[in-house]
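Given the structure of chain A, go ahead and fit chain B onto it with the hints provided.
Protein chains in written order, with this note's numbering: chain A, 1 to 295; chain B, 1001 to 1222.
It cannot be assumed that every hint is accurate.
[Claimed, not checked] With a cut-off of at most 35 Å between alpha-carbon atoms, the simulated DSBU-like pairs for lysine-lysine come out as follows:
#: 1; chain 1: A; residue 1: Lys227; chain 2: A; residue 2: Lys49
#: 2; chain 1: A; residue 1: Lys73; chain 2: B; residue 2: Lys1180
#: 3; chain 1: A; residue 1: Lys43; chain 2: B; residue 2: Lys1006
#: 4; chain 1: A; residue 1: Lys179; chain 2: A; residue 2: Lys166
#: 5; chain 1: B; residue 1: Lys1006; chain 2: B; residue 2: Lys1020
#: 6; chain 1: A; residue 1: Lys73; chain 2: A; residue 2: Lys49
#: 7; chain 1: B; residue 1: Lys1020; chain 2: A; residue 2: Lys227
#: 8; chain 1: B; residue 1: Lys1006; chain 2: A; residue 2: Lys73
#: 9; chain 1: A; residue 1: Lys43; chain 2: A; residue 2: Lys227
#: 10; chain 1: B; residue 1: Lys1006; chain 2: B; residue 2: Lys1180
#: 11; chain 1: A; residue 1: Lys49; chain 2: A; residue 2: Lys166
#: 12; chain 1: B; residue 1: Lys1180; chain 2: B; residue 2: Lys1020
Just so you know, these hints were derived from the structure itself, not from any lab.
Listed below are the residues making up each chain.
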Amino acid sequence: MSTSVLFDAPGPRTRVRNHLLTLVSIVVVGAAVYGVYRGFDAKGQFEGKIWQPFLEAETWEFFIIPGLIGTLKAAAVAAVLALAFGAIFGLARLSDHAWIRVPAGLVVEVFRAVPLLLLIFFIFYLAPTLFGGGDYAFAAVVLGLTLYNGSVLAEVVRAGVNAVPKGQSEAAYAIGMRKNQVLRLVLLPQAVTAMMPAIVSQLVVLLKDTALGYIIAYVDLLNTGFKILPAAFFGSLIPAAIVIGIIYVTLNLALSYLATRLERRSRRSRKSAATPIAPPGAVGLDQTAGGVPGG
Amino acid sequence: MDELIKYAPALAEGFLENVKLSLVAGVVSLLLGTILVSMRVSPTPVLRAAGTVYVNVVRNTPLTLVLAFSALGLSDTLGLVFSDVPRTNSFWIVALGLAVYTSAFVCEALRAGINTVPLGQAEAARAIGLTFFQSLTLIILPQAFRAVVAPLGSVMIAMIKNTTVATAGGFLADAAAVMKETFDTTGASIPIFLGIVVAFMALTLPIGYYTGWLARRLAVVR
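The following block holds chain A by itself, in its conformation from the complex (with noise of 0.2 Å):
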């Protein structure tokens, strides 16, 4: 707890101030949610009738799930995808020779930088004048979140591999083995350790990214949910902006979960000699959900 750093055991005056502050937190705060809460019900949107919707059977057959599980195969196949691209690149900016250290940096760097969405459209843009016509919108994502989260990867390949302390491949090279060998038995094995919170975080900003497959009309989950949905039921906007919102944060913060608890487990763990590294984005090691906002 952050806190603890900043406030000693309170004194009975502190003690008094510290309640009043937080009764007047409360008003504050009480008064912020009443004021949400009145703004909703001006406009009627507490109404049952455009709750009616989420508890039909039907309404998370046809929209929800349906748009949920395009969300979910996009974020796989573009995970598996930009965990072999970070990889590959991550692998290749390590090399000793310059001609592939250097191309692979490049791509590593130029996808990092440009933003994602621009990239989604152009590859939307671009297929049907390589491939010919068709639907594209799916590949667009997944290749689009590939490109991006998998030099995002690279870069935590690269850190993960560095973080193996340097004893560690002189003593491999000591007892004769071979570059790859070190690489291999020595440095990854150790590096994956170190590397698993940061890779599960930028995971979840895959996820998150998904859906930016909504502007280009890909049956995602904030397509299905946001767009069809109000669309069938006149009115339920907002209760659909509620209950897609709720379905992503429990997605992500499981996630998240699953990153912390790794996080703590590689930093007990004696396998490897490696530190778990920060997640892209994040300040020292107290971060582990933070990585960088993605779309």
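Same frame as chain A, but now just chain B:
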């Protein structure tokens, strides 16, 4: 290349909107994020809980949903209107959505910075009789801010790239929307895509280098 030259003025105008969105969202998210982090480290449990709930909910919601909800839900259904001109209104709605989304990440970066300050610093501050407010403003925050320069830089870079999602919030004048419109007439054009990417890199790379340089310069040697 001809296509890029032909559509350059429209694209530049769109890109200018991204810059404007970034400026507004950047300032507002830094302010909101600072308020949120002071809630999250405050001695009042209610404020701490409110800050935690806000950050966890906003951070785990896709930006596309935040922006689409701001436009269709907040503005169209609930009647939050900044201006009668639809274009101006959607600009402010998108800027607000971006700021709300980014502020959660700003808050987390700042909080992680506070956590990097060693316990001994705060204990020493209390031992020489500084109050909570004094130890916060004289000892903790100056060290915390130095630790978060680079991460805040990456949050801002991500925010600038996220301005392209403005389309989801109904703001159809930014570079991404103009690019899409152009592609509708010309088909996918590599020069146009690269042109916009270079424009974004011209904005984000210097921020990355500057904050990185600043972070090294300001780093607290421990």
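For this session: With a cut-off of 35 Å on the C-alpha distance, tell me whether lysine 1020/B and lysine 227/A pass.
Result: Satisfied, since the Cα-Cα distance of roughly 28 Å is no more than 35 Å.
For this session: Sort out whether lysine 49/A lies within 35 Å of lysine 73/A, counting only the CA atoms.
Result: holds, 32 Å
For this session: Please work out if lysine 73/A and lysine 1180/B have their alpha carbons no farther apart than 35 Å.
Result: holds, 26 Å
For this session: Decide if the proposed pair is consistent with the structure: lysine 1006/B and lysine 73/A, CA atoms, cutoff 35 Å inclusive.
Result: violated, 40 Å
For this session: Please work out if lysine 1180/B and lysine 1020/B have their alpha carbons no farther apart than 35 Å.
Result: holds, 20 Å
Exercise. Keeping to a limit of 35 Å between CA atoms, is the pair of lysine 1006/B and lysine 1020/B held or broken?
Worked result: Holds: lysine 1006/B and lysine 1020/B sit about 24 Å apart, inside 35 Å.
For this session: Sort out whether lysine 166/A lies within 35 Å of lysine 49/A, counting only the CA atoms.
Result: violated, 65 Å
Exercise. If you draw a straight line from the CA of lysine 43/A to the CA of lysine 1006/B, is it 35 Å or shorter?
Worked result: violated, 47 Å
Exercise. Under the criterion that the straight-line Cα-Cα distance not exceed 35 Å, is the pair lysine 179/A, lysine 166/A satisfied?
Worked result: holds, 14 Å
Exercise. Is lysine 1006/B within 35 Å of lysine 1180/B, Cα to Cα?
Worked result: Given pair lysine 1006/B, lysine 1180/B holds - Cα atoms ~15 Å apart, limit 35 Å.
Exercise. Given the hinted pair lysine 43/A and lysine 227/A, is their alpha-carbon gap at most 35 Å?
Worked result: Holds: lysine 43/A and lysine 227/A sit about 20 Å apart, inside 35 Å.
Exercise. Holds or violated: are the alpha carbons of lysine 227/A and lysine 49/A at most 35 Å from each other?
Worked result: holds, 19 Å
Comparing the model with each numbered hint stated earlier shows that hints 3, 8 and 11 do not hold.
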